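A.B. asks: Chain residues, written in single-letter form:
Protein chains: 2
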Amino acid sequence: MAPLIETIPIDDPADPRIAPYAAMRERDLVGRAGRFVVEGEVTLRVLLSGRARFAAESILLAEERVAGLADAVAALPEAPPVYSASRAVMSAITGFPIHRGVLAIGLRGSEPAPDALVPPSPGRAILVGLVGLTNHDNVGGLFRNAAGLGADAVLLDGATCDPLYRKAIRVSAGTALTLPSARLPDADALLALAERHDLVPLALTPAGRETVSALPPLRRALLLLGAEGPGLPEPVIARCRALRIPMSAGVDSLNVATAGAIALHHLAGHHLATRDNPWQLSQP
Amino acid sequence: MAPLIETIPIDDPADPRIAPYAAMRERDLVGRAGRFVVEGEVTLRVLLSGRARFAAESILLAEERVAGLADAVAALPEAPPVYSASRAVMSAITGFPIHRGVLAIGLRGSEPAPDALVPPSPGRAILVGLVGLTNHDNVGGLFRNAAGLGADAVLLDGATCDPLYRKAIRVSAGTALTLPSARLPDADALLALAERHDLVPLALTPAGRETVSALPPLRRALLLLGAEGPGLPEPVIARCRALRIPMSAGVDSLNVATAGAIALHHLAGHHLATRDNPWQLSQP
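Chains as they are written, first to last, in the UniProt record's numbering: chain A, 1 to 284; chain B, 1 to 284.
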């Protein structure tokens with residue numbers, strides 16, 4: 001039987017207690033100081049699990065979704081407030097229909113220092129660096145692939161979009177909430193970090209001199225990925241070991257999250273198969 | 001300078017000449033006898049290129065898009081009718097705003113026999129078989145990855161959705177219009193085809209006994225992929241060489257198009273690098 005949990009009914013869309021959920025799309029665009037929105041059951045369960053890097057500030061559920069999620073809330077040592085509302089009130093709060101009927105506000109907390117995310121030399125370390133990725137689907141997809149294929153962390157340059165945007169979290173299957181991540185100003189800072197930590201800088205680019213599959217096993221690497229279209233800047237590629245994926249004639253390129261997955265499978269697959277993987281071992 | 005092309009102005013949304021464009025979303029759901037819709041410049045250019053397997057029946061452009069696409073139309077030996085309309089008329093025809101302002105109707109023609117798409121033994125042949133894939137994004141993504149990574153053709157079971165659905169074509173970056181494809185009734189028919197043509201049947205599944213990267217080079221294979229969630233049916237897996245992609249603990253799975261790309265990169269990458277690839281050679 002599902003456990004009973006205490007919920008706070010909300011009847012007034014202007015209730016100040018649910019103010020962080022108001023005008024959701026408008027705030028998606030301008031960002032939220034210190035907060036982010038989680039939408040849907042799969043990602044809410046990740047946020048409430050022990051694996052998430054972030055705490056939930058509150059939860060807002062459509063009335064008929066409460067029973068189905070009670071187990072995840074009841075399992076928390078200290079549950080955040082759970083608000084419940086009718087579909088009509090929920091839509092009035094957010095400004096558009098929330099089909100899933102499941103929302104939460106997460107707290108960003110303080111961002112870790114990028115250097116703290118690099119497993120110490122000479123141990124195994126595979127990191128991903130995103131340069132100028134402005135598409136939330138691609139950033140979400142890259143988190144999913146990096147988490148699934150055993151990367152230790154994702155580093156973002158200043159131009160890459162927010163992985164804690166609602167849709168990016170959803171596309172990441174919740175891994176944007178679990179995989180360590182930090183932001184650096186630009187590609188130069190990413191390359192300097194690679195040098196400080198003895199990581200081989202790799203650039204994935206159609207013009208790469210070596211193929212991904214011919215790359216020998218590397219214990220420590222930073223894989224840099226640029227946006228589809230522009231790709232990585234030439235001066236960045238010049239400072240890296242440049243890798244390409246062999247492609248059919250007449251086909252331009254793969255999606256960047258897919259290309260990243262192919263490279264990570266090659267880089268991290270061996271470590272995963274041999275279970276020499278700190279990120280994996282740190283997960284329940 | 002852009003060439004001049006002749007267009008047929010449309011002022012009346014009920015004009016019978018543009019009837020195939022009417023009530024677009026409703027017809028997306030029920031299907032169109034013998035026709036499909038192409039949306040956006042990238043995919044229209046693929047449809048009009050020599051690489052497409054299909055002919056265009058007609059083109060419908062927002063007035064301001066005509067000049068920018070005139071080169072692709074003027075290059076055709078026999079251009080189909082090009083209708084032009086204001087944005088308002090175009091939206092009235094289709095029933096919703098067409099932001100891209102670029103549409104065309106393609107003709108399905110007669111579907112090739114699946115057996116005709118298999119390069120003859122003992123030559124190299126890598127085919128992809130989709131079993132029960134009902135998500136248009138995933139099917140479009142798989143076409144893009146199969147085309148880019150050198151597969152010869154994609155075979156679909158009866159439950160897999162239509163790769164010529166508007167959104168699937170767009171996600172495929174137009175490769176749904178170029179990569180050979182045919183439908184078979186079910187997974188049994190896919191396995192029988194593999195046997196007839198000396199293709200090693202491979203099943204990608206989290207429960208696979210071998211890892212993808214440990215698979216020795218295969219000259220002839222049919223890679224079967226199932227939907228995320230249910231995956232391939234157990235009796236199908238039992239008749240295949242079952243492959244897995246090593247994953248981090250705590251992460252369920254990759255997106256099916258991404259998993260397929262990793263397997264195809266391993267299967268086809270060697271052939272692409274050595275240019276022993278009929279599909280590639282047949283492309284301009």
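What the hints contain is simulated information worked out from the structure, not anything from laboratory work. These figures come from a predicted structure and were not determined experimentally. A portion of the hints provided could be inaccurate.
Unchecked claim - From chain A, some residues computed to sit far from chain B (all C-beta separations above 10 Å):
(1) 6
(2) 8
(3) 10
(4) 12
(5) 70
(6) 84
(7) 107
(8) 141
(9) 158
(10) 192
(11) 246
(12) 253
Unchecked claim - Rough simulated footprint, nothing fancy, chain B against chain A, three-plus residues with beta-carbon under 8 Å:
(13) 120-128
(14) 147-155
Claimed, not checked - Here are the simulated lysine to aspartate or glutamate pairs, DMTMM-like style, with alpha carbons at most 25 Å apart:
(15) B:167 x A:39
(16) A:167 x A:186
(17) B:167 x B:41
(18) B:167 x A:63
(19) A:167 x A:234
(20) B:167 x B:198
(21) B:167 x B:210
(22) A:167 x B:228
(23) A:167 x B:137
(24) A:167 x A:64
(25) A:167 x A:63
(26) A:167 x B:39
(27) A:167 x A:111
(28) A:167 x A:26
(29) B:167 x B:234
(30) B:167 x A:64
(31) A:167 x A:188
(32) A:167 x A:6
All C-beta atoms, glycine included, are put in the ideal place defined by N, C-alpha and C.
A.B. asks: For each hint, tell me whether it holds in the structure or not.
C.D. replies: Cross-check of the supplied hints:
no.: 1; hint: 6; verdict: holds, 30 Å
no.: 2; hint: 8; verdict: holds, 32 Å
no.: 3; hint: 10; verdict: holds, 33 Å
no.: 4; hint: 12; verdict: holds, 34 Å
no.: 5; hint: 70; verdict: holds, 23 Å
no.: 6; hint: 84; verdict: holds, 28 Å
no.: 7; hint: 107; verdict: holds, 22 Å
no.: 8; hint: 141; verdict: violated, 7 Å
no.: 9; hint: 158; verdict: holds, 27 Å
no.: 10; hint: 192; verdict: holds, 28 Å
no.: 11; hint: 246; verdict: violated, 4 Å
no.: 12; hint: 253; verdict: violated, 7 Å
no.: 13; hint: 120-128; verdict: violated (count 0)
no.: 14; hint: 147-155; verdict: holds (count 4)
no.: 15; hint: B:167 x A:39; verdict: holds, 24 Å
no.: 16; hint: A:167 x A:186; verdict: holds, 24 Å
no.: 17; hint: B:167 x B:41; verdict: holds, 13 Å
no.: 18; hint: B:167 x A:63; verdict: violated, 34 Å
no.: 19; hint: A:167 x A:234; verdict: violated, 31 Å
no.: 20; hint: B:167 x B:198; verdict: violated, 34 Å
no.: 21; hint: B:167 x B:210; verdict: violated, 35 Å
no.: 22; hint: A:167 x B:228; verdict: holds, 19 Å
no.: 23; hint: A:167 x B:137; verdict: holds, 16 Å
no.: 24; hint: A:167 x A:64; verdict: holds, 23 Å
no.: 25; hint: A:167 x A:63; verdict: holds, 23 Å
no.: 26; hint: A:167 x B:39; verdict: holds, 24 Å
no.: 27; hint: A:167 x A:111; verdict: holds, 20 Å
no.: 28; hint: A:167 x A:26; verdict: holds, 14 Å
no.: 29; hint: B:167 x B:234; verdict: violated, 31 Å
no.: 30; hint: B:167 x A:64; verdict: violated, 32 Å
no.: 31; hint: A:167 x A:188; verdict: violated, 29 Å
no.: 32; hint: A:167 x A:6; verdict: violated, 29 Å
In the structure shown, a violation is registered for the earlier hints numbered 8, 11, 12, 13, 18, 19, 20, 21, 29, 30, 31, 32, in ascending order.
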